[in-house]
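Visitor: Chains as they are written, first to last, in our numbering: chain A, 1 to 302; chain B, 1 to 255.
Hints in this document: simulated from the structure, not taken from any laboratory.
Glycine included, every Cβ here is placed at the ideal spot set by N, Cα and C.
The reader is advised that the hints may include incorrect statements.
Just so you have them, the derived chain A footprint on chain B, three or more residues with Cβ under 8 angstroms [what the hints assert, rightly or not]: (1) 8–22; (2) 126–134.
Quick list of simulated restraints, FRET-style, between CB atoms [as the list claims (entries may be wrong)]: (3) B:237 with A:217: 33 to 41 angstroms; (4) A:116 with B:217: 44 to 52 angstroms; (5) A:191 with B:137: 54 to 62 angstroms; (6) A:172 with B:137: 30 to 38 angstroms; (7) B:190 with A:76: 26 to 34 angstroms; (8) A:76 with B:132: 51 to 59 angstroms; (9) B:190 with A:12: 24 to 32 angstroms; (10) B:88 with A:76: 50 to 58 angstroms; (11) A:34 with B:166: 41 to 49 angstroms.
Residues per chain, in single letters:
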Amino acid sequence: MGIEVRGLTKVFEGGRRRARRSVEAVRDISFTVEPGERVAYIGPNGAGKSTSIKILTGILHPTRGEARVLGVVPWEERRRLAGRIGTLFGQRSQLWLELTPRQSFRMLAAIYGLDRARERTRVGELAELLDAGDLFDTPVRSLSLGQRMRCELAACMVHEPEVLFLDEPTIGLDLLAKQRFRELLVRLNAERRTTIFLTSHDVADIEHVARRVIVINHGSVIYDDEVQAMRRSLLATKVVEVGLGHPAEPIAMCGVAVVEHSATAMKLVVDTAPPRSVPSSTPCSKVRRRSTSRWWTRRSSR
Amino acid sequence: MRGLLATMGNAFAEARANRAALGSQMAVMVLNDVVWVVFWVLFFRRVGSVGGWDARRILLLLAVLTTAGGITLGLLANARRIGTMAVEGELDAVLTLPVAPLPYLLLRRVEPTNLGDLLFGVCLFVLSGRPTLGRTAVFVGVVLASATLITGFLVLTGSLAFFLGRSEGGDLGFHAIVLLGSYPVDVFAGVAKVLLYSVVPAAFVSTVPATLIDSFDAGRAAALAAVAGAFGLAGWATFTAGLRRYTSGSLWTRA
């Protein structure tokens, strides 16, 4: 079993003695993740995603419930588990700012018990995999955010983890860097069967990296299904803003609704999940469409 | 162990990364300590001795304090920041590594400014402490005990942040132990003196070690070792218990 969670609950106590208040960040969540799965764990801000990941990596102790990662209870055997998992937090760095990534890797390799020969081989493999050999000898302070995130990924992969926990790993990256990062994760999973457990607010991360999605809100799991299924039911529309060189008539296409229209711009809501097995010649009025949700619409513009 | 040595190596490499700043910071701290020495020498020239303490003994006390303080605040620089790190959620990165978190955190950062204290303390002992082989051996022993005590006390007061949710305890602990340790405890009396031998063990940081160098006493040395060990253990136990209450955070931090 990769990850097994049953009835996990985390309550944070806060405030002063007279005004003590508790916040239930994670409430009775249960799910399992098989080895080699690519799972997106998503939800709005404050839903409990990061808290769940921190419990599963042994950083936080839960208030109630059970969890096993690779057969290990994270908060009871944190050090043992840490040697088998990799953790990448978009807001936490494992790299030393004034040093080169290679110096950080050397320290991490020593911590993970890799000898120098194995460390050199492993760093060489990662340089090739991440196409980042030239970055490894540049001080971290001088790297761009995208370059640094590639090196962060290398840092959490030095010891060949069986499970990768990624908490908003693409935060702050530009479009190209994000795309490259996603491809890397898919490749890692394909080549090494590394289990990927990812949180992100970027729908593209979920669509490109994950096969399965777990949605959490107010601390509880509210959706757990294949990404394809979610795409059909929740990601069925995209908002497209079109800049016009000259005034134009509203677009009249099946599955496209014009919601704003001026002389210089047009805003369209495009249904991206047209029903299958319907001939393209079928009149739009005769095509039945699913209801769509605005919650997960992705905005793109040009 | 290899991991901790590698961590310490990186901490030194990071401190050395800006050599000019390293040199200037150390020099400023040495200058600051020299001003203290000049002050005490002028003071005791004018008043003779106070409570059995003269300029020579005060310089020995300063040598112990700056060397021990330099070890803790220079080589184990995060000792002073445990409370802040706990409250601001800076422990996440270390908790994802297969290491004992406290030793890793302590070795993770070298503070160049306080290395100036360490350098100054050793030089002061060599120049004014009448260093014979025996006195030097006692100096090394008591300095290590004093550094253990300061580290344990700072970790203990800093770790209270896990329980109180505020990091001021660490700052108060730092100011209490270092400021009170810079005076011979014999100038205090009554309850204050009792407190300096117990709750805020500043007496064991400088006064007792300096006295041991001048007149070694096995019983007093054992007491120093016991107090240092007790505060070291108390610091470790409080930190370990506090980790269960660690709540992390969402600030941008680094390991």
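Visitor: Determine for every hint whether it applies to the structure shown.
Guide: Structure-based check of all given hints:
1. 8–22: This one holds; 6 residues, not fewer than the three required, reach chain A with a Cβ under 8 angstroms.
2. 126–134: Our answer is that it is violated, as 0 residues pass the Cβ test (under 8 angstroms) against chain A, missing three.
3. B:237 with A:217: 33 to 41 angstroms: Roughly 39 angstroms apart at Cβ, these two residues keep to the hinted range, so it holds.
4. A:116 with B:217: 44 to 52 angstroms: holds, 48 angstroms
5. A:191 with B:137: 54 to 62 angstroms: Given range 54 to 62 angstroms: holds, Cβ gap about 59 angstroms.
6. A:172 with B:137: 30 to 38 angstroms: This hint is violated: roughly 55 angstroms between Cβ atoms.
7. B:190 with A:76: 26 to 34 angstroms: violated, 49 angstroms
8. A:76 with B:132: 51 to 59 angstroms: Given about 53 angstroms between the Cβ atoms, the range holds.
9. B:190 with A:12: 24 to 32 angstroms: Given a distance of about 44 angstroms, which is not inside 24 to 32 angstroms, the answer is violated.
10. B:88 with A:76: 50 to 58 angstroms: violated, 26 angstroms
11. A:34 with B:166: 41 to 49 angstroms: holds, 43 angstroms
Hints 2, 6, 7, 9, 10, counting from the list given before, are not met by this structure.
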